[in-house]
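Model the full assembly from the supplied sequences, consistent with the hints where possible.
Residue numbers (the working numbering), protein chains in the order written: chain E, 27 to 354; chain X, 7 to 654.
Accuracy of the hints is not assured; some may be wrong.
Restricting the straight-line Cα-Cα distance to at most 25 Å, the calculated cross-link-like pairs of lysine-lysine (PhoX-like) are [to be verified]:
id, chain 1, residue 1, chain 2, residue 2
1, X, Lys-361, E, Lys-322
2, E, Lys-119, X, Lys-507
3, X, Lys-448, X, Lys-493
Anything over 12 Å on all C-beta distances counts as not near chain E; from chain X, calculated [stated by the list, open to error]:
id, residue
4, Ile-84
5, Leu-166
6, Glu-263
7, Glu-549
8, Glu-623
Simulated from the structure, these hints should not be mistaken for lab results.
Keep in mind the model is a prediction, meaning the values are calculated, not measured.
Heads up, the beta-carbon is just placed ideally off N, CA and C, and yes, glycines get one too.
Spelled out from the first residue to the last, the chains are:
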Amino acid sequence: MEFGDASLLPENDAAWRLDYYQHDAQMDYYGTRLATCSSDRSVKIFDVRNGGQILIADLRGHEGPVWQVAWAHPMYGNILASCSYDRKVIIWKEENGTWEKTHEHTGHDSSVNSVCWAPHDYGLILACGSSDGAISLLTYTGEGQWEVKKINNAHTIGCNAVSWAPAVVPGSLIDQPSGQKPNYIKKFASGGCDNLIKLWKEEEDGQWKEEQKLEAHSDWVRDVAWAPSIGLPTSTIASCSQDGRVFIWTCDDTSGNTWSPKLLHKFNDVVWHVSWSITANILAVSGGDNKVTLWKESVDGQWVCISDVNKGQGSVSASVTEGQQNEQ
Amino acid sequence: MREVLIPGVNSKKKQMCFDWGPGEMLVCETSFNKKEESETKPGCPFIYIIRKDIDVYSQILRKLFNESHGIFVGLQRIEEELTGKSRKAQLVRVSKNYRSVIRACMEEMHQVAIAAKDPAIGRQFSSQVSILSAMELIWNLCEILFIEVAPAGALLLHLLDWVRLHVCEVDSLLADVLGSENPSKHDSFWKLVTILVLQGRLDEARQMLSKEADASPSSAGMCRILGDLMRTMPVLSPGNTQTLTELELKWQHWHEECERHLQDSTFASSPHLESLCKIMLGDEAALLEQKELLNNWYHFLVTRLLYSHPTVKPIDLHLYAQSSLDLFLGGESSPEPLDNILLAAFEFDIHQVIKECSIALSNWWFVAHLTDLLDHCKLLQSHNLYFGSNMREFLLLEYASGLFAHHSLWQLGVDYFDYCPELGRVSLELHIERIPLSTEQKALKVLRICEQRQMTEQVRSICKILAMNAVRNNRLGSALSWSIRAKDAAFATLVSDRFLKDYCERGSFSDLDLIDNLGPAMMLSDRLTFLGKYREFHRFYGEKRLTDAASLLLSLMTSQIAPRSFWVILLIDALPLLEEKEVVFSAEQTYELMRCLEDFASRRPVWREPGVQRIQEDVENTKLEMLRLALARNLGRAIIKEGSLEGS
Numbered sequence: 027m028e029f030g031d032a033s034l035l036p037e038n039d040a041a042w043r044l045d046y047y048q049h050d051a052q053m054d055y056y057g058t059r060l061a062t063c064s065s066d067r068s069v070k071i072f073d074v075r076n077g078g079q080i081l082i083a084d085l086r087g088h089e090g091p092v093w094q095v096a097w098a099h100p101m102y103g104n105i106l107a108s109c110s111y112d113r114k115v116i117i118w119k120e121e122n123g124t125w126e127k128t129h130e131h132t133g134h135d136s137s138v139n140s141v142c143w144a145p146h147d148y149g150l151i152l153a154c155g156s157s158d159g160a161i162s163l164l165t166y167t168g169e170g171q172w173e174v175k176k177i178n179n180a181h182t183i184g185c186n187a188v189s190w191a192p193a194v195v196p197g198s199l200i201d202q203p204s205g206q207k208p209n210y211i212k213k214f215a216s217g218g219c220d221n222l223i224k225l226w227k228e229e230e231d232g233q234w235k236e237e238q239k240l241e242a243h244s245d246w247v248r249d250v251a252w253a254p255s256i257g258l259p260t261s262t263i264a265s266c267s268q269d270g271r272v273f274i275w276t277c278d279d280t281s282g283n284t285w286s287p288k289l290l291h292k293f294n295d296v297v298w299h300v301s302w303s304i305t306a307n308i309l310a311v312s313g314g315d316n317k318v319t320l321w322k323e324s325v326d327g328q329w330v331c332i333s334d335v336n337k338g339q340g341s342v343s344a345s346v347t348e349g350q351q352n353e354q
Numbered sequence: 007m008r009e010v011l012i013p014g015v016n017s018k019k020k021q022m023c024f025d026w027g028p029g030e031m032l033v034c035e036t037s038f039n040k041k042e043e044s045e046t047k048p049g050c051p052f053i054y055i056i057r058k059d060i061d062v063y064s065q066i067l068r069k070l071f072n073e074s075h076g077i078f079v080g081l082q083r084i085e086e087e088l089t090g091k092s093r094k095a096q097l098v099r100v101s102k103n104y105r106s107v108i109r110a111c112m113e114e115m116h117q118v119a120i121a122a123k124d125p126a127i128g129r130q131f132s133s134q135v136s137i138l139s140a141m142e143l144i145w146n147l148c149e150i151l152f153i154e155v156a157p158a159g160a161l162l163l164h165l166l167d168w169v170r171l172h173v174c175e176v177d178s179l180l181a182d183v184l185g186s187e188n189p190s191k192h193d194s195f196w197k198l199v200t201i202l203v204l205q206g207r208l209d210e211a212r213q214m215l216s217k218e219a220d221a222s223p224s225s226a227g228m229c230r231i232l233g234d235l236m237r238t239m240p241v242l243s244p245g246n247t248q249t250l251t252e253l254e255l256k257w258q259h260w261h262e263e264c265e266r267h268l269q270d271s272t273f274a275s276s277p278h279l280e281s282l283c284k285i286m287l288g289d290e291a292a293l294l295e296q297k298e299l300l301n302n303w304y305h306f307l308v309t310r311l312l313y314s315h316p317t318v319k320p321i322d323l324h325l326y327a328q329s330s331l332d333l334f335l336g337g338e339s340s341p342e343p344l345d346n347i348l349l350a351a352f353e354f355d356i357h358q359v360i361k362e363c364s365i366a367l368s369n370w371w372f373v374a375h376l377t378d379l380l381d382h383c384k385l386l387q388s389h390n391l392y393f394g395s396n397m398r399e400f401l402l403l404e405y406a407s408g409l410f411a412h413h414s415l416w417q418l419g420v421d422y423f424d425y426c427p428e429l430g431r432v433s434l435e436l437h438i439e440r441i442p443l444s445t446e447q448k449a450l451k452v453l454r455i456c457e458q459r460q461m462t463e464q465v466r467s468i469c470k471i472l473a474m475n476a477v478r479n480n481r482l483g484s485a486l487s488w489s490i491r492a493k494d495a496a497f498a499t500l501v502s503d504r505f506l507k508d509y510c511e512r513g514s515f516s517d518l519d520l521i522d523n524l525g526p527a528m529m530l531s532d533r534l535t536f537l538g539k540y541r542e543f544h545r546f547y548g549e550k551r552l553t554d555a556a557s558l559l560l561s562l563m564t565s566q567i568a569p570r571s572f573w574v575i576l577l578i579d580a581l582p583l584l585e586e587k588e589v590v591f592s593a594e595q596t597y598e599l600m601r602c603l604e605d606f607a608s609r610r611p612v613w614r615e616p617g618v619q620r621i622q623e624d625v626e627n628t629k630l631e632m633l634r635l636a637l638a639r640n641l642g643r644a645i646i647k648e649g650s651l652e653g654s
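Now the structure itself:
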C-alpha cells in the first residue's frame, strides 16, 4: 500500500492552518466532519466535505486544555464528547443547526484523560478515564438525563485510556423481535499508570467488575485500542506504553479468559497512541521519533510495518504552505 | 516500506497524533504530554489528510475501475460454466478484455497528456500512461505464460507479438520511409530494416531490401540473397501440422546456410547487410550492438530466442531471461522493479510477480484483478501456497476497501466484497455504515444493498440515523416511515408523540397518507397504534360511521394506550358524538365514558406554568362540564331507547 506523497498534496488532500495546539483530532463516522480540541480550551468542529474546511462551531466551556474528543454514533444525532484537564467531561449536541452543551459531568477529582463511546447497540454510553484513578460511565436515559456509574480506583495513580469492545451477541445473531434488546455482554478495556491493562465487564446487576488484568508493560500504559470485530471468534487489543512497547493481545476462546500478548515492536521512545482502521486490518501507532507507523498482520501471523508517516525535517517547499494559506 | 514526509517544522518535542477516517487518515502535530503549562502556539499548525488510493479520484482511471468491475463480475458469474476445452479460451478472452480496458485508458490519458496546457500536469499524466503501459506489459506476459500456457513453438510467436505490441515507433517509421521519394536513401532506412529484422518482421524487411536492390544495382545481388534467406526462414505458423522436431531440423539447415554465407563473405562489401545476417544468426554481439533499437532487455531476449532457440520450452525461459537481462544491462545499471517482475514471470513464480507488483504499484487494482483471474485458472492452488485462494481474497478486500473512499465508486466495491467468501460480508457491513447518506436517493441505495443481503443490523442502524435526521428537520412523516423500516419501536413512539403533540397544537395531522396506510406496521409500538387508531376514529367520523367511531373512541380510552396528555382531547372528541340527533353511545358505553371522565378529572396533571395555561385550563373545565351534561343527557336517551326496544 502506498500513500500519496504528502508534499505534493493534490487538491483533494487538505491541510488547514490552526492557530492553536490541537491535542486531538477526530473524524466523524462518515469522514465529513472533523472535531479538534486543544490547549486553548476550545473544541472546534469543521465541515470537511470535498476537501473543504469550514469552521462550523467553536465550543467553549472547558476551563483547561482539552485532551480528547469523541464522536457518538450518528443514529443519536450529532453528539460530541470532550474531556479536559479541568476535570470535566462535556457532551455537546447539535440542535437545529447549532452546537450546544447538553451535559456536563463533574464527577472526577482530577484531569479526565480519555473518553470513548460504547458501540451504538448498547445505547448512548460514554466511558471516561481520569487521573484520579476512576472510570465513570455515563448512560443516556432519555429526556436530557444521564445516569452515572463510577468505578473507583480502577487504576492506582491514574487511568489514561479507555476503549470499548465491539458489540457481539453471544450465540448466533438471530433477528430479535422488535422492542426486545439482545443480551449484549458489555466490555471495555482501560490502561493506567499502574502499567496495567484491565478488562471490565458489566454484570447482570448492572455493576462493573474487573474481569482481567493484562500485565506486560513496565511503565505507564498510554493507550489501548480494542479492534473492531470482523466476525472471527478472536478478540484483539492493542496497547502502547511509556516503556516504548506496543503489544497485540489476542484471546482465542469465546469465554474470553486467556489473553496472550505479542510484542509488535519496541520503539525508542514513548508510544502515545494506537488506533485500528475500520476493518481492523491495519494498526496505526504514533510514537516518539515523530513517526506514525502502520502495521499489518501478514498471512503467517507476523506483524509487519507497511508504512511510515514521518514528520518532515523542515525541508518543505514554501509554496505548499502559502498555497494552503491562500485557500483560507 | 514507504515513508511519507509530512511537511512541517522540525521540532524535537512534538509528536504526531492521528485518526482514522472511513477512507483516509489525518495527522497533526500535537503534544501528548498532558501538562497544564503547555504552549498555546504550535510549531506546525497544520492538519493533514493522507489518503491512500488517491488514484480513486482520477477521472480517467474511474473508467478503468468501472469497466473492469463489469469484467470481474462477469467472470465470477460464468465460473460454473467454464468447463473443458473452451475454459482456457474463455479465460484468455477475459484476460484480453482486461487488457483492452487498460489500453483504452492509456489512450485516453495519452490524449489528455498531449492536450494539457500545464506542462507539469502533462508530465503527471504521461507518467501515469507509462505506469499503465507497464501494467499492460506485465499482464500480457502473464496471459501468455500462465493463462494461454503456450507450449514450445507457439510460445515464441506469442512473445514476438508481445514485443511488437509494445514498440510503437516501428510503424510510424515505416510509413515515413515508405512515404518518402527515395525510401532506400532515407536517413533511417537501415535503422528501419534492422528494427524489422529484430522484430522478426522479415517479409517487410525483404520488401525494404528489394527497394534497396532497385536503387543500387551493385548491392542487388546481395540483397536478393539475404532476402531469400529471410523468406526461407522456417517459422511455426499457427495451425501448421509439422512437429517441433521437424521444425527444429529445418531450422538447423537454414541456420547453417546463413552461417555459410557469412563464412563465404557474401555480404562483406555491405556492413549493413552483414550485420543483418549476423543478427539472423542470433549472434549476441551483433544483437547487443543494436541496444538502442532494442530499447530493453526483454526485446533483446525475444529476438535472441527467435534467432537462436525458436523452439524454446517454457521451463527454459528463465535461463535465457536472466542472461539476457545481465547481458543487456552489461553491469552498467541495476534492474528496475519492472525488470524483476518480468523475470519473476519468466520463472513462473506467480507469487513473486504478485508480491513485486503489490510493492511497485500504488493501487491494488492490478494485483487484485490479475490474482483473481489467475485463481480462476486454478493456478494459485497448484502452486501450493498455503494461503492459496486467501491471497485472492486479501487483495480483493484491499481493493474494494479503497473504492469505499469514493462517493460513487463504493457501489463497485459492494460486488467485490460479495465475491469474497470469508471476510467479504463483514467487511461490507463495516464499510457500508460509513457511507455518508447525503441524499435520500443514496440512503435508499445503501438500504437496498443491505436488505438484499439480509444485513438487518445495518438496515436498522441506517434507518435510525435517517429517522433521527428527519425528526431534527421536522419531517415527521419521513421520520415515521424510517422508524417503521428500522422496526424501531422506541423511535416510532417518539415520532408518534411528536405527531400527537402537533395535533394538540394545530388541530390537524400532517402526513395523513402515511398514517392512514400504516397497516400492520401500526403494531410496532403502542403509541403508533394509538396514532393510527385515532386517525381511524377521525375517518369513521368523517364517513358518518358514528357507531363505529363511538366504539373506537371508547376502546381507545379504555385500552390504556392513549397517552395521559391526550385524554382530554379524547373526552372532548366524544362531545360531537353525544350531540348527534340519534343516540350513538349505548347506556353501557355512556357509563364507561363517565367513569373515564371522573378518572381523568381526579388525576388531571397540575399545570406548572401559570398564565396561558390557566386560560386553557378554564376552557378545558368548561368543555368538561359540557361533557358531563351531554353524558347525562345521553344516558337518559340511551336508557329510554334501550328500554323501548326491549319493551316492544
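Quick rundown of the hints versus the structure:
About 15 Å separates the Cα atoms of X/Lys-361 and E/Lys-322, which keeps this hinted pair within 25 Å; it holds. Restraint check: the Cα-Cα separation between E/Lys-119 and X/Lys-507 comes to about 23 Å, which is no more than 25 Å; the hinted pair holds. Under the criterion of a C-alpha separation no larger than 25 Å, the hint pairing X/Lys-448 with X/Lys-493 is consistent with the structure, at around 20 Å. Every Cβ of chain E is farther than 12 Å from the Cβ of X/Ile-84; the closest lies at roughly 29 Å, confirming the non-interface assignment.
With 12 Å as the threshold on Cβ separation, the claim that X/Leu-166 sits away from chain E holds: the shortest Cβ distance comes to roughly 34 Å. At roughly 54 Å from the closest C-beta of chain E, the C-beta of X/Glu-263 stays outside 12 Å, upholding its exclusion from the interface. The non-interface label for X/Glu-549 is consistent with chain E: the shortest C-beta to C-beta separation is roughly 32 Å, beyond 12 Å. At the 12 Å boundary, the C-beta of X/Glu-623 stays outside the reach of chain E, the nearest C-beta of that chain being 24 Å off.
The structure meets every hint from the earlier list without exception.
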